[in-house]
Amino acid sequence: MNMEAENVVSLANVSKTFRDFWLRPTVAAVDSLSLAVRRGEVFGLLGPNGSGKSTTIKMILGLLSPSVGEVRLFGLSPRSVAARRRLGYLPELSFLHPFLTAAETIGYYAGLCGLTRREASRRTRELLAMVGLESVAKRPVGEFSKGMARRVALASALVGRPELLVLDEPTSGLDPISTKEVKTLVKALAQGGMTVLTTSHLLADAEDICDRVMILNHGKAVAEGEVSSLGTSLEEFFLAKVGSVQDFALAPFLR
Amino acid sequence: MRAFLGIFQLELKALSRSRSLLMLAAASAAWMFVVPRLVVGDGTAEGMREVCLGYGLGGVLALVTVSMLAAATGSLARERAEKRLQLTMVRPVRYFAIVAAKIAALSSAGAAVLALACALAPFCAGSASNHRRCVHVLRPLMPSPREEAKAMYAEYMKLPDTPDAVKKARPSTVLRLLATRAWDRYDTVRTNAVAAWRFPAAAVRGVRSGEVSTRLKFSNTYNARQDVAGELRLGELSAAVSNLTQAVLVFPLADRGGEAGEEGVLSFRNLGKDALMLRPRRDVELLIPADSFFWNLLRSWIEMAATLTLVVAFGLFLSASLGRPVALFTAIVFLLVSEMSPSVVEQYPDEFGATLSDRIGLMVARTVAEVSHPISSMNPLERLSRDECVEPREVAHAVAVNAFALPVFLALLAAFILPRKQEN
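Top to bottom, those sequences are chains A and B. Take 256 as the starting number for the first sequence in this note's numbering and just add one per residue. Take 174 as the starting number for the second sequence in this note's numbering and just add one per residue.
If you are wondering where the hints come from, they were derived from the structure by calculation, not from laboratory data. Incorrect hints may appear among the rest.
[Stated by the list, open to error] The calculated lysine-lysine pairs, modelled on DSSO-like cross-linking and capped at a C-alpha distance of 27 Å, are:
| no. | chain 1 | residue 1 | chain 2 | residue 2 |
| --- | --- | --- | --- | --- |
| 1 | A | 401 | A | 438 |
| 2 | B | 446 | B | 340 |
| 3 | B | 331 | B | 341 |
| 4 | B | 186 | A | 393 |
| 5 | A | 401 | B | 186 |
| 6 | B | 390 | B | 340 |
| 7 | A | 435 | A | 393 |
| 8 | B | 340 | A | 393 |
| 9 | B | 340 | B | 323 |
| 10 | B | 186 | B | 594 |
| 11 | A | 435 | A | 401 |
| 12 | A | 475 | A | 435 |
| 13 | B | 341 | B | 323 |
| 14 | B | 256 | A | 438 |
| 15 | A | 401 | B | 256 |
| 16 | B | 446 | B | 186 |
| 17 | B | 594 | A | 475 |
Sequences and hints are given; from them, build the entire structure.
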C-alpha cells in the first residue's frame, strides 16, 4: 500500500521558531515534529497550553510556514488552492461577520468554495437543517449565543464538502448538550469517510471521538498511539506523559 | 469568480449595514447643497458656478477619498486582528482575489457616492450649466521641457556665467533646473515683430469662423498691466488684439479676409509700443469647441473614480502590511504630503545653496511628488468649472493606469505580503 497516498496530512521534521522584528528567535513553538494523519481517521492533537498545538494546526492550514521541515496536505503545499479546496476549518473561536445572517454566512463561504448560486443555496439549507438553525436563518449572527455561533461556524466549515476537517477545540464553550451533539456529528462525519484532525483540552471528549492521538509538550511529540490500545484512560496516559497537575498555592486566598 | 463576487458583496454589505455608505451619501448630498451657499462668491453667476463645482464636488471628493482610505486601511488589518481573515485564507481562493475584490468593492462604493454628487452638481451650479459647451485647450507643439533641457545641457555647462556650484552638481540636478527654466521660458515679441507657434494641424483643420479662440496671458519685464495691441492669425482666421488690461485675454478668431497664414500655425504680430513677453508653454492656448457640460462631467467622474481606485488600492496595500492605526496614519500623512509636495518642488526647483536638512526635505518632497504624480496630476474639477474639456485621452490614461495597472500591482504586492504577515 502506498502510505504517502494514504496520508492526508504529513509533517516531516517540522520546527517553527517565532522571531522578533530583528529576526532574533523568541519562541521555539514546535521542535522536530513528524506526524501523519491517515485518510478516514479521527486524529487528536493533545497537549497543555503552549504545547504547540495551534502552531501545528496553522502550519497544516498554510497560515504559518515551517522554519524547518516540510508540511504536505494531500501531498501538496498547504498554500496551494488545490489543497485548500479539500479542507474545512473550524477555529477555536467562531470569528463570524456579525452583520451577516446565518444563511448569508454559510452562503458566503459556499461562494469562496466555488459553489454556484443554486448549489450554495441548496447546501446552505441542508447545513442549517443539520445544525438545527433553520428557524433563525435570517437573524444576524451577531445576535447569536456562543453555541449557536459555533454551529454556524461548523456548518461553514462543512460547506465545501471537505475531505479533511480541521477542528480547533470544537467543543470549547459549549454546554453539555451541544458538546454531545458536536461529538455525535464528528463521529458521523468520520463514518462517512471524512478525515478529521482535532485539538482538544478535554481529554474525555478526545477519548470519545479520536481513533488516534498525539500528545505534544513544549513543541515536541511525547507520545502517539491508538486510543483503543492505550490500556488505560486517556487522562492517566496524558498525565503520565506530560507531568503532574500543578499544585496551586491557595492558602493566601482562603484566609 | 464566485469567490471574488462573494468577497465583493461582503465588503459592500459591511459598508451598507454599518450605515457608513448611507451616512457618506447623505453628508455628500448635504455638502453639495449647503456649502456652496455658505461660501461667499464674487457676486457673478460664473463665480457661483465655480464655487459650486470646485468647493461642492471638490469637498465631496475629499470626503469620499478620506472615508474610503480609512475603510481600506482598516479592511484587511481589522480582519486579521479579529482573525476573520484566516477563515477566508484557508478557503480555495487566491490571495490576489481577496485583495482585488476588496479594492473593487470599496472603489465602487466611493464611485457611487461621487456619482450622486455629480448628479446633483447641475442643480447646484444652476440650470444654465446643462447648456454650456466645454472647449479643448490646445498648447503649441514643442519639445518637452526635459527634452529641451537635455539639448541645452552641454552648452549651458560651458557658459562662463554658469555658477561653479551648478557645474559641480550632478547632471540630473542640472537637468531638472534647466527643465524648470524651459517650462517658464519667455519668447519676447518686439514692436512690429511676429511670433509664431505651431499647433496640431488636424485639431484646428476645418474649424469655422467664430468657433476658435486664442487665450493669451501677457506680461513684460516692467509692468503687470500694459497696453497690448496686435493681430493674431490662424490660417484664414484672424483677430485684432487691443486691450488695456494685462489679465488673461480671450480673442475669438474670425474670417476677416487678408492674407491666409500657414495651416496649424498661430502667429501674433505686435503692433503696440512695447515689447511683449509670452511663455509659449504656459501663456498661449487655442480654445476649440468640444462637447457638452454633461459629457465633461461624466469624464470628470470617471477620472475621479479612477483616482479613487488607486487611493483605495494603496490603502489596502498598507492594510495588508501594517496594523490598522499605523496604516491609517501612514496613508493620511502620505496623502497630505502628496498634496503639498508638488508646490514645494515648484517653489524650490533646485537645492543649490540649501542646507543639508533642506536638501533632505526637498529630496523627500520630490520623491513623494514623483510617486504620487498619478494622483496629484489628476484634477478634473478645475477644468470642469472653467468649461475646459477633460480630454478622453487623459481619461483613458487614468482608467488604464490609476484604475487598473497600479491597483493590480498593489494588489499583487498585498497578496504577496498577506500570508507573510500571518507569521507575526
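Against the structure, the hints come out as follows:
1. For the proposed pair residue 401 (chain A) and residue 438 (chain A), the alpha carbon gap of about 17 Å is at most 27 Å, so the pair holds.
2. A distance of roughly 40 Å separates the Cα atoms of residue 446 (chain B) and residue 340 (chain B); the hinted pair therefore is violated under the 27 Å criterion.
3. For the given pair, residue 331 (chain B) sits about 12 Å from residue 341 (chain B) by alpha-carbon distance, which is consistent with the 27 Å threshold.
4. As the CA atoms of residue 186 (chain B) and residue 393 (chain A) are separated by approximately 15 Å, the hinted pair is consistent with the 27 Å bound.
5. For the proposed pair residue 401 (chain A) and residue 186 (chain B), the alpha carbon gap of about 23 Å is at most 27 Å, so the pair holds.
6. Using a Cα cut-off of 27 Å, the hinted pair residue 390 (chain B) and residue 340 (chain B) is violated, with the two alpha carbons roughly 34 Å apart.
7. For the proposed pair residue 435 (chain A) and residue 393 (chain A), the alpha carbon gap of about 26 Å is at most 27 Å, so the pair holds.
8. Annotation: proposed proximity of residue 340 (chain B) to residue 393 (chain A) is violated, straight-line Cα distance about 75 Å (limit 27 Å).
9. Restraint check for residue 340 (chain B) and residue 323 (chain B): satisfied, since their Cα atoms lie roughly 15 Å apart, inside the 27 Å limit.
10. Of the pairs offered as hints, the one joining residue 186 (chain B) and residue 594 (chain B) holds, with about 26 Å between alpha carbons and a cut-off of 27 Å not exceeded.
11. About 16 Å separates the Cα atoms of residue 435 (chain A) and residue 401 (chain A), which keeps this hinted pair within 27 Å; it holds.
12. This hinted pair does not check out: residue 475 (chain A) and residue 435 (chain A) have alpha carbons roughly 30 Å apart, beyond 27 Å.
13. Restraint check: the Cα-Cα separation between residue 341 (chain B) and residue 323 (chain B) comes to about 17 Å, which is no more than 27 Å; the hinted pair holds.
14. A threshold of 27 Å between alpha carbons decides the hint, and for residue 256 (chain B) with residue 438 (chain A) the separation of about 25 Å falls inside it, so the pair holds.
15. Note on residue 401 (chain A) and residue 256 (chain B): the hinted pairing holds, with a Cα-Cα distance of about 16 Å set against a maximum of 27 Å.
16. Between residue 446 (chain B) and residue 186 (chain B), the direct Cα distance comes to roughly 70 Å. Violation of the 27 Å bound is thereby established for this hinted pair.
17. Only pairs whose Cα atoms come within 27 Å are accepted, and residue 594 (chain B) paired with residue 475 (chain A) is accepted, the gap being roughly 25 Å.
Taken one by one, the earlier hints fail for this structure at numbers 2, 6, 8, 12 and 16, listed in ascending order.
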